[in-house]
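Heads up: the protein sequence lines correspond to chains F and H, in order.
Here our numbering is used: the first residue of the first sequence is 8, the next is one more, and so on.
Here our numbering is used: the first residue of the second sequence is 27, the next is one more, and so on.
Don't read these hints as lab results, they were simulated from the structure.
The beta carbon of each residue, even a glycine, is placed where N, CA and C say it ideally should be.
Check before you lean on any hint, since a few could be wrong.
With a cut-off of at most 35 Å between alpha-carbon atoms, the simulated DSBU-like pairs for lysine-lysine come out as follows [what the hints assert, rightly or not]:
#, chain 1, residue 1, chain 2, residue 2
1, H, Lys212, F, Lys138
2, H, Lys476, F, Lys131
3, F, Lys138, F, Lys158
4, F, Lys158, F, Lys131
5, H, Lys212, F, Lys158
6, F, Lys34, F, Lys229
7, H, Lys212, H, Lys476
8, H, Lys476, F, Lys34
9, F, Lys158, F, Lys229
10, H, Lys476, F, Lys158
11, F, Lys72, F, Lys192
12, H, Lys476, F, Lys192
13, F, Lys72, H, Lys476
14, F, Lys72, F, Lys34
15, F, Lys192, F, Lys138
16, F, Lys138, H, Lys476
Simulated restraints, written as ranges between beta carbons of each label pair [to be verified]:
#, chain 1, residue 1, chain 2, residue 2, range
17, F, Thr235, H, Arg42, 48 to 56 Å
18, F, Glu134, H, Arg354, 35 to 43 Å
19, F, Ala185, H, Leu133, 25 to 33 Å
20, F, Leu257, H, Ala70, 51 to 59 Å
21, F, Phe32, H, Arg418, 22 to 30 Å
22, F, Phe32, H, Val524, 31 to 39 Å
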Amino acid sequence: MDAMTNDPAVRGAPPLVLERLTKVFTKPAVDGLDLTIRPGELYALLGPNGAGKTTTLRMVAGLLKPTSGSISVFGVDAVADPRAAKQLIAWLPDEPLLYDKLTPLEYLEFVSALWGVPGDVAAKRAEDLLKWLDLWNHRGDRCETFSRGMKQKAVLAGALIHDPKLMILDEPLTGLDASVARQVKDLLQERTRAGYSVILTTHILDVAERMADRIGIIQHGKLRAEGTLDELRSRAGDGKGQGSLEDVFLQLVGAPEHG
Amino acid sequence: MFARASVPWLLANELRLLWRSFGSRKGSAPRKRRFRFPPWLAAALVIAAVSAAFIPAAISLRDVEIVPVPLLVVIIDLVLALILSLMLSQTVVSAVDAFYQRGDLDLLLSSPLSPTRILVVRALAIAVNPIMVFAGLATPFLVPAAVLGHPELLLAYGVIIAISLTATAAGLALAIALFRLIGPRKTRTVAQILAALVGAVFVIAAQVPNIMAGDDREAFWTERIYEIISVETLPAILQWPAEAVLGRPLPLIVILGFAIVLFTVVALWVGRHFASDAAAANSAAPAVRRRPAKTTARFGSGVIRATMVKEARLLLRDPGLISQVLLRVIYLFPLAVFIFTSGETLEGFGGVMAAGSMALLAGQLAGSIAWITLSAEDSPELLASAPVPIRRFWNAKLIVTLVPSAVLVVPVSIALAFFAPIPGLLGLLGGAAAAVSAALINLWLQKQTKRAEFRKSWSSSFAASVLELATSAGWAAATGLAVAGSIWALAGAAVALVALALSYRSEATIQARLTGQEA
Chain F
8 MDAMTNDPAV RGAPPLVLER LTKVFTKPAV DGLDLTIRPG ELYALLGPNG
58 AGKTTTLRMV AGLLKPTSGS ISVFGVDAVA DPRAAKQLIA WLPDEPLLYD
108 KLTPLEYLEF VSALWGVPGD VAAKRAEDLL KWLDLWNHRG DRCETFSRGM
158 KQKAVLAGAL IHDPKLMILD EPLTGLDASV ARQVKDLLQE RTRAGYSVIL
208 TTHILDVAER MADRIGIIQH GKLRAEGTLD ELRSRAGDGK GQGSLEDVFL
258 QLVGAPEHG
Chain H
27 MFARASVPWL LANELRLLWR SFGSRKGSAP RKRRFRFPPW LAAALVIAAV
77 SAAFIPAAIS LRDVEIVPVP LLVVIIDLVL ALILSLMLSQ TVVSAVDAFY
127 QRGDLDLLLS SPLSPTRILV VRALAIAVNP IMVFAGLATP FLVPAAVLGH
177 PELLLAYGVI IAISLTATAA GLALAIALFR LIGPRKTRTV AQILAALVGA
227 VFVIAAQVPN IMAGDDREAF WTERIYEIIS VETLPAILQW PAEAVLGRPL
277 PLIVILGFAI VLFTVVALWV GRHFASDAAA ANSAAPAVRR RPAKTTARFG
327 SGVIRATMVK EARLLLRDPG LISQVLLRVI YLFPLAVFIF TSGETLEGFG
377 GVMAAGSMAL LAGQLAGSIA WITLSAEDSP ELLASAPVPI RRFWNAKLIV
427 TLVPSAVLVV PVSIALAFFA PIPGLLGLLG GAAAAVSAAL INLWLQKQTK
477 RAEFRKSWSS SFAASVLELA TSAGWAAATG LAVAGSIWAL AGAAVALVAL
527 ALSYRSEATI QARLTGQEA
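Please put together the full structure from these sequences, using the hints given.
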């Protein structure tokens with residue numbers, strides 16, 4: 008993988024800065040969100056269903072236009088110049104949307120063309136990624152024969168083919184078995200160690216607890232709390248700073264009502 | 027109203043789901059509520075308008091006794107055979123879907139209900155769909171005639187029900203036979219191809235007499251008609267369906283009784299194996315042709331080329347989809363037969379028909395493929411997240427859309443031009459205009475959905491379908507009338523251009539619609 012720090016395009020500017028980001032459908036889904044991701048950071052965005060997590064990520068990925076506010080990706084204004092911002096990021100939705108009739112190699116051929124990756128570079132990266140994700144022996148099989156985990160890995164390879172500086176992942180571990188989930192987690196940690204940045208949403212609090220450098224908790228489109236796990240514990244007023252992320256989460260967003 | 031979990035209760039639930047799926051928006055994000063013209067109301071208005079147009083003919087029939095003479099019987103039988111083949115092409119695929127489509131099937135099969143009862147209800151729901159379609163088509167002719175003096179013609183609805191039950195029974199039997207013969211992995215694809223062939227077989231078979239007739243077609247048909255007229259009594263099997271259509275109760279009771287018994291026997295027989303067959307279908311991997319895996323790729327292409335290659339691969343590797351597209355354009359075959367057997371008559375009325383039909387077919391083909399490449403994009407979020415203007419993807423998809431139309435229409439135009447240069451040239455121009463128009467309408471009015479919805483593309487994007495048909499028909503009329511040298515060709519072109527103008531949406535509007543940000 009390319010050394011992140013050698014890329015002049017991204018040197019100096021934070022990977023992602025959201026300022027007063029707002030998206031209104033019939034009511035505000037994201038409401039004046041401020042958020043900054045640091046270089047080499049894995050940031051987990053948590054929140055109850057309908058909190059605005061996916062809407063936030065979709066705006067960053069350029070799939071939705073914000074109603075107001077700004078998005079800066081490595082200093083590039085993603086609202087004014089979405090193409091320049093998209094060049095630096097990769098988006099992974101929760102559903103592995105693939106072309107079932109293509110082989111993973113053909114899929115990577117197509118995706119690399121979208122990001123303008125030179126042919127020789129793309130061919131080498133495709134081979135490396137497919138080998139790393141245990142798909143090399145299936146490179147000639149159509150994706151329609153793949154399990155969900157294999158499809159998710161093919162999509163992940165597609166997301167990495169252009170060596171994105173910022174990865175945006177929506178529930179990346181949903182429906183994956185333990186071994187595939189482990190591969191994905193290893194890959195994300197390897198990326199952040201190499202200086203790349205990752206923002207993800209997850210319902211699996213254990214994943215956020217173990218992997219994330221910082222955690223943001225969002226509710227009703229607003230950031231309720233943000234920080235490292237220890238910072239969140241102390242903010243939640245646990246007193247002893249011993250509670251799990253689940254305790255902190257439930258304390259901040261409120262436990263579900265029963266009966 | 028019905029006992030819970032009874033067959034009528036389950037059928038009512040199936041029909042409610044069917045009704046709600048008709049014209050519902052699929053795959054697009056929620057948007058603000060606004061008035062939408064309900065598809066059922068549009069269908070009712072069209073039926074009412076056509077019924078009104080048929081009133082003068084019904085009045086002229088009022089005092090005429092409709093006698094089942096041999097010629098009328100043969101014509102009605104042929105129409106019924108065509109309806110049966112079209113219904114069968116639909117019920118075969120629906121029957122296979124009953125095994126493959128999960129939907130609420132897992133819920134039903136995990137309940138204490140018997141699988142046979144579930145299958146019987148599914149089979150009845152399969153039969154209802156073609157009944158609604160063909161009853162809708164027959165109503166403008168039957169109701170005015172029934173109201174204005176021939177109430178016995180309403181029994182024709184019973185014949186439609188009988189044909190649909192027979193087609194459903196045959197579809198189920200065929201589906202289960204394919205399961206047994208070739209296994210669940212290949213059944214779906216083979217069934218789709220078979221359905222296309224069954225739907226087209228009547229159209230193709232109808233050309234055999236034309237080919238046999240040779241040059242003197244008129245004399246050939248005159249001779250055949252005299253042969254039919256001179257027959258004193260036709261066999262009962264030919265006589266009764268037509269008599270039932272014309273309102274004779276006894277033939278209808280026999281035909282409907284036969285259909286109900288056949289349907290019941292097949293449904294009960296298939297129902298006994300339904301749970302295990304559905305489970306086998308669900309666990310089977312998709313049918314994949316076993317061939318040496320393609321383990322090389324050509325990296326480094328531009329976006330346009332890569333998108334074109336992607337679209338071409340996706341189309342060519344989906345035989346089920348290809349068969350459905352071909353079913354829509356299979357009528358090119360009779361057109362080709364007509365051109366090659368008509369010779370010098372193409373300078374006259376034949377040329378008008380041939381050139382006009384070519385425009386219509388080019389529009390149909392381009393519209394179908396444009397719908398697949400644009401509305402049925404499998405990974406819209408990948409394209410939206412790429413640093414490429416969306417217009418470039420659309421351009422590549424439009425090129426892929428127009429190639430098959432050109433491949434089919436250009437050779438036919440050249441053949442036509444060989445016999446009649448003006449109709450050949452105008453057919454080519456009309457075909458190009460219709461194909462480009464249909465592709466643009468599908469671009470402007472695209473709505474994200476799935477490829478599997480292709481068979482229901484009419485209900486998933488009703489406005490686009492109507493405007494596409496109006497444009498193709500407009501260009502077809504313009505082409506045909508231009509060949510005939512009529513000034514009214516301009517009216518046909520005007521209809522096409524108005525439909526095109528009504529369809530136009532800016533790039534920003536299309537993108538907003540696709541991402542659910544429509545104002």
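For this session: Report the numbers of all earlier hints that the structure fails to satisfy, in ascending order.
Result: none
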